[in-house]
Each structure stands twice: as structure tokens, then as C-alpha cells.
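Same order as they appear, the protein sequences are chains D and W. Each residue of the first sequence is one higher than the last, beginning at 22 in our numbering. Each residue of the second sequence is one higher than the last, beginning at 8 in our numbering.
Keep in mind that the hints were calculated from the coordinates and are not lab data. Check each hint, because a few of them may be wrong.
[Claimed, not checked] Just the calculated beta-carbon pair ranges, DEER-fashion:
| no. | chain 1 | residue 1 | chain 2 | residue 2 | range |
| --- | --- | --- | --- | --- | --- |
| 1 | W | Pro116 | D | Gly88 | 27 to 35 Å |
| 2 | D | Arg102 | W | Leu329 | 25 to 33 Å |
| 3 | D | Gly153 | W | Gly80 | 51 to 59 Å |
| 4 | D | Val45 | W | Pro116 | 43 to 51 Å |
| 5 | D | Gly153 | W | Asp345 | 42 to 50 Å |
| 6 | W | Met8 | D | Arg41 | 24 to 32 Å |
| 7 | W | Thr33 | D | Gly105 | 48 to 56 Å |
| 8 | W | Ser335 | D | Gly105 | 53 to 61 Å |
| 9 | W | Phe44 | D | Ser141 | 54 to 62 Å |
| 10 | W | Arg37 | D | Arg102 | 46 to 54 Å |
| 11 | D | Gly105 | W | Leu337 | 51 to 59 Å |
| 12 | D | Arg102 | W | Ala78 | 54 to 62 Å |
[Stated by the list, open to error] Residues of chain D clear of chain W, computed beta-carbon distances all greater than 12 Å:
| no. | residue |
| --- | --- |
| 13 | Ala73 |
| 14 | Thr120 |
| 15 | Asp127 |
| 16 | Pro136 |
[Stated by the list, open to error] Covered stretches of chain W (chain D as the covering partner; in silico rule of three or more C-beta atoms under 8 Å from a C-beta of chain D):
| no. | segment |
| --- | --- |
| 17 | 92–103 |
| 18 | 109–117 |
| 19 | 120–131 |
| 20 | 313–322 |
Quick reminder that beta carbons are idealized off the backbone N, C-alpha and C, glycines included.
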Amino acid sequence: MAERKIRVLVAKPGLDGHDRGAKVVARALRDAGMEVIYTGLRQTPEMIAEAALQEDVDAVGLSILSGAHMALVPRVLELMRANGQGGVHVFVGGIIPETDAQALLDQGILAVYGPGTPSSKYVNEIRAAVLGEVAA
Amino acid sequence: MDLVAGVLAGERLALARLITQVENDTPEGREALNRLFSHTGKAHLIGVTGSPGTGKSSLVNLIAKAYRTPADGMQPCKVAVVAVDPSSPFTGGALLGDRVRMRDLAGDPGVFVRSMASRGALGGLSHSTAAVVQVLDAAGFDKILIETVGAGQSEVDIARLAHTTLVVEAPGLGDDIQAIKAGILEIADILVVNKADRPGVENTERALRSNLELAHPERMRTGSCGRGGKANQPKSGAPEALDEQIWVPPVLRTIATQASGVTELVAAIECHLAHLRVTGEWQEREHERLQTELNQLLQAVLVARWREGVSEAELRDVVSRLQDRELSPLKAVEQLLDLDAVPESY
Ligand code: B12
Ligand SMILES: Nc1nc2c(ncn2[C@@H]2O[C@H](COP(=O)(O)OP(=O)(O)OP(=O)(O)O)[C@@H](O)[C@H]2O)c(=O)[nH]1
Ligand SMILES: [Mg+2]
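Could you put the whole structure together from the sequences, leaning on the hints where they help?
What follows is the structure, given as C-alpha cells:
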């Protein structure tokens, strides 16, 4: 069997129209050899959880610049757990104030990435989380 | 969790996980395919192919929706979608974006959408697409829509896999006869000119029609995918060729962004299905497909088994003798397999 392919869902929850970051991240993950499912803008948490399930992804990346992360992220986590996907790693990026970032980490998000994050950082950390290794 | 039992019981998480096993060709995936095989053969497989960006995903979205909400009090079909996008030959990564156009299908438990990367295969599908489709078939989906890679080198694979193949074109793709690949017309059961809101629809339509007329009936009959069709007089609108035992690929106009022409398109798909059933072509094609699959599998397994018994050194030696022109390829095979002569019908 060939090397294990990592499948990642990159999604934009809510009414947030800032999709540049999500597209940059999706491309960076693809260029790192991952299979990236991109769902487009304006996804409800229900749509994201459903896509994560059908696609059986190893990780989910949520990009949020609208300020609505404290409402959207916990809902996605809750739905994924209800679907039996509590073991899937979830990452968040965008405009997330420090205190909120900590709250999200406490709820089970693996990492939060702000503007200017170099792609090598999240690529390595996502890969490490999925493959169960320590990030390089 | 027993994934096979879960799939047969309609559990979506089990289905999703088993598809991953099958896509990765794991031992668990292979074992599951063995167990599921007796449950397959019921679904109507609908292929959707065509140049990049012509609107395949948008149409798949609409077709699936139409099957979920049939008009005249008919039972809605369970619909699965398999959408294949290309893997990068350099990094092996892939951006699977077909779901962007399928948001209408969200939240419907009668629909299951799965994206796949082509993983190096060139025919518009990945090597495991057929196996994944089998799993969905066993899971009880009535209609399985399979969207190929837009830039497929040759899309014959989809015609072999699907019962009904849609070829989607759009105006303004440099139109005209050259742009329309010959092979693609031979595999089309239904030709769709999408983006009919764009200028140049008539040209595209005319180019498709005249190409259809040029296509040799004889070739259509004996073509590699065994398609029927003698008198290729293209017609528009719903095909009427049922009782003549001849399928004439209709050319249909759609505007996916306005959901226009979809009713006619779905009617044509159903008409083709009826044609396959009435003429016995369904069985014929099933037979042919299974035979091809068996042959391919046999070849792969025979080679793999034989390889277990030869050393790398011996192979390397033979190849270098080929390179030195000491040995011809046929002689090399005779020697490697220890034969007096290769069989005449190899
Ligand atoms: C460009 C931009 C726009 C563009 C968006 C174009 C587009 N299609 O994306 C336009 C002009 C349309 C726009 C509109 C608005 N914007 Co604006 N916009 C910006 C701006 C200047 C840059 C965003 C950007 O594209 N950055 C470049 C990308 C590559 O970076 P990124 O998204 O941050 O992503 C990186 C990381 O965050 C991380 N990352 C992000 N997501 C993810 C996901 C994963 C999984 C991972 C691993 C990493 C990751 O990695 C990326 C690469 O390093 C920001 C300010 C800023 N400096 O961030 C404001 C900003 C986001 N906008 C803002 C606002 C308020 C708006 C508007 C509401 C009105 C307005 N004031 O202009 C509208 C709303 C639009 C809508 N419908 O939602 C605010 C948001 C405030 C908040 N959240 O509290 C900001 C922060 C400006 C500000 N300081 O007020 N905007
Ligand atoms: N004007 C017009 N645009 C359309 C129509 N159908 C689709 N589009 C647009 O064409 C673009 C491509 O549509 P898709 O459905 O993604 O096409 P596709 O063939 O699946 O694309 P690939 O999978 O990338 O090959 C999108 O921006 C659609 O909105 C149509 O009938 N008219
Ligand atoms: Mg598509």
C-alpha cells in the first residue's frame, strides 16, 4: 500500500465572505501532498459536519474572519461528536482574539492560526496530528 | 465496528469509513468488497464527463435534486455522488472542489456525496472509483452519479463503468469540430450543451450534431465499449428510438445556473435506462464489464504472483540484455516464464 493519504476538509462556516485565507490554506495543504476537500463559502455547521462525515476526513480546518467563531466552532464540534467523529482533528484559523483562542483550545480545537502564519507551521502540525507524531 | 454490517444497515459513518478502506485498497477494504459483492448490480450508474468547467458538478447537483424530488408522486430515489478531481502529479495532493456546486444536496439523508482524487490514474477516474461505486451500490443507492476529472486524457473508463454516460460541453470552448474530441462522442449516450445562456450555443450544438453524423455506425457498434447505435441521426428533445433497438444520443440544452432543461435531461436519462432494459443491453454491458474487470484482475494477480518467484537480479539482468539487444522482448518473456514459445493468443 502506498503512503497514507491525508484527507482534510477546509470549510468556511457562517456568513463570512473572507475566503482568501481558506483558499491559501487549501492550496498549501494540497501542495504538501494532502487531499483537500473545499466546500466553498457560507456553510452551516450542519453542512460542515455532514461533509466531514461523508468524506471521512482525517482533519477539519475552519476559517473564520467574521467574529462569529465562538458560536460556530463549538456547534461544529458538537455535531461531529454526535456523528461519531469526535476523533477527527479540528483546526481553526482567521481573526480570533487571544482569549477566544484559549477557550476554543479548551473545547478540543487542536490549534488556532492567525494572520501571517507560515504554511509550514500548520502543514506540519496537521500532518503530525493525523499521523500521530510530534510536529517537526 | 463491523463496517460491512453497518453499510448494509444504512449507517453513514460505516459507509464513509469503508469507502476510505476501499479507496486505499487495504486488506479490510478487499475483504469487505468480497462480502458486499452479492449485494451489488442494482444501481443505475450515471457518468458525467466533459471538458473542465463546463458545469458537470452544477448539473450533478440538479440531477440529484430532481431524483430526490420527483414530480408525479413517484418515490424519490436514493442518490450517491462520486466526484473525481485530479491529483497533482508532483506532490500527490489534490484540491477537491466539486462539493462547492452541490450545496443543495446538503442535509438530505437520501443523498451521499464523496469526493475522490484521481491518484495518478489518467482515464478521468481513479483506480478505485469502480470499487467505491460498488460499495455505494451495495449500500442501496438507486442512482449513482459519477463525475470524472474535467481534463481526462481519454474518458473511456467512465463509459465502461457507467450505464448511462453524459458528455457535457459548453459554448465558447474554442468550439467547433476540432475542439470536440472524437472519442468523447463515441462514449456519449446523452450530449449536453450546458451554459446555453452564453453566446454560441447554436455553434456548439451544430458542431456536436455534425460530428455525430460523421461518426461511423459500424464503429459505434463494435467500439471498445460496445455501444449500440446504428443510424446516428441525431435528434433533439426526448429520444424516440426505444422500439427500434437503436439508441440515438440526443443533444440537449441546459442552463445549470437557472436549473433550465433539467427535467428534459432527467427524462432522457430515464429513457436511456429503459432502452438498456428493453433491449437487453443492460445485461450485455454488465457481462462485458465484469469480463474486462476479471481480465484486468487476473493479469495483475498473475504478474504479481509470478514476481514473487523471481529475483530482482534476474529481472535486472534480462532488462540489460534487452538494452544490449542480445535478447528480444518476446524471447525474454519465453526465458523468464520458461516456455518453449509464448502462446499464440497472448
Ligand atoms: C481582504 C479583506 C476583505 C476583503 C475579502 C476578500 C476575500 N474574498 O477574501 C473584502 C474587501 C471583501 C472584505 C470585506 C469585509 N471585511 Co474584511 N478584511 C480583509 C483583510 C484586510 C485581509 C483578509 C485577508 O484576505 N487576509 C489574507 C489571508 C491569506 O489571511 P487570513 O485570512 O488571515 O488567513 C491566514 C491565517 O489567518 C490562517 N488561517 C486562516 N484560516 C485558516 C484555516 C485553517 C484551517 C488554517 C490552518 C489556517 C487558517 O492562515 C492564513 C494564511 O496565513 C482583513 C484584515 C486583516 N489584516 O486580516 C479584513 C477584516 C477581516 N475584515 C473585516 C470586516 C469587518 C469586513 C466587512 C464586514 C466590512 C469591512 N469593514 O470591510 C466586510 C465583510 C465581508 C463579508 N461578506 O464577510 C474585519 C473583521 C473584524 C472582526 N472579525 O472582528 C477585518 C479584521 C478588518 C478589521 N480590522 O476590521 N474584507
Ligand atoms: N453562465 C453559466 N454558467 C454556468 C452554468 N453552469 C455552470 N456555470 C458556472 O460554470 C462554472 C463551473 O461550473 P462547475 O459545475 O463547477 O463545472 P465542472 O464541469 O464541474 O468543473 P470541473 O469539475 O472543475 O471540471 C461555475 O462558476 C458555474 O457557476 C450555466 O448554465 N451558465
Ligand atoms: Mg466539477
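So, going through the hints one by one against the coordinates:
{"no.": "1", "hint": "W:Pro116 - D:Gly88: 27 to 35 Å", "verdict": "32 Å, holds"}
{"no.": "2", "hint": "D:Arg102 - W:Leu329: 25 to 33 Å", "verdict": "59 Å, violated"}
{"no.": "3", "hint": "D:Gly153 - W:Gly80: 51 to 59 Å", "verdict": "52 Å, holds"}
{"no.": "4", "hint": "D:Val45 - W:Pro116: 43 to 51 Å", "verdict": "34 Å, violated"}
{"no.": "5", "hint": "D:Gly153 - W:Asp345: 42 to 50 Å", "verdict": "47 Å, holds"}
{"no.": "6", "hint": "W:Met8 - D:Arg41: 24 to 32 Å", "verdict": "40 Å, violated"}
{"no.": "7", "hint": "W:Thr33 - D:Gly105: 48 to 56 Å", "verdict": "20 Å, violated"}
{"no.": "8", "hint": "W:Ser335 - D:Gly105: 53 to 61 Å", "verdict": "59 Å, holds"}
{"no.": "9", "hint": "W:Phe44 - D:Ser141: 54 to 62 Å", "verdict": "45 Å, violated"}
{"no.": "10", "hint": "W:Arg37 - D:Arg102: 46 to 54 Å", "verdict": "31 Å, violated"}
{"no.": "11", "hint": "D:Gly105 - W:Leu337: 51 to 59 Å", "verdict": "56 Å, holds"}
{"no.": "12", "hint": "D:Arg102 - W:Ala78: 54 to 62 Å", "verdict": "39 Å, violated"}
{"no.": "13", "hint": "Ala73", "verdict": "9 Å, violated"}
{"no.": "14", "hint": "Thr120", "verdict": "32 Å, holds"}
{"no.": "15", "hint": "Asp127", "verdict": "26 Å, holds"}
{"no.": "16", "hint": "Pro136", "verdict": "22 Å, holds"}
{"no.": "17", "hint": "92–103", "verdict": "holds (count 8)"}
{"no.": "18", "hint": "109–117", "verdict": "holds (count 3)"}
{"no.": "19", "hint": "120–131", "verdict": "holds (count 5)"}
{"no.": "20", "hint": "313–322", "verdict": "violated (count 0)"}
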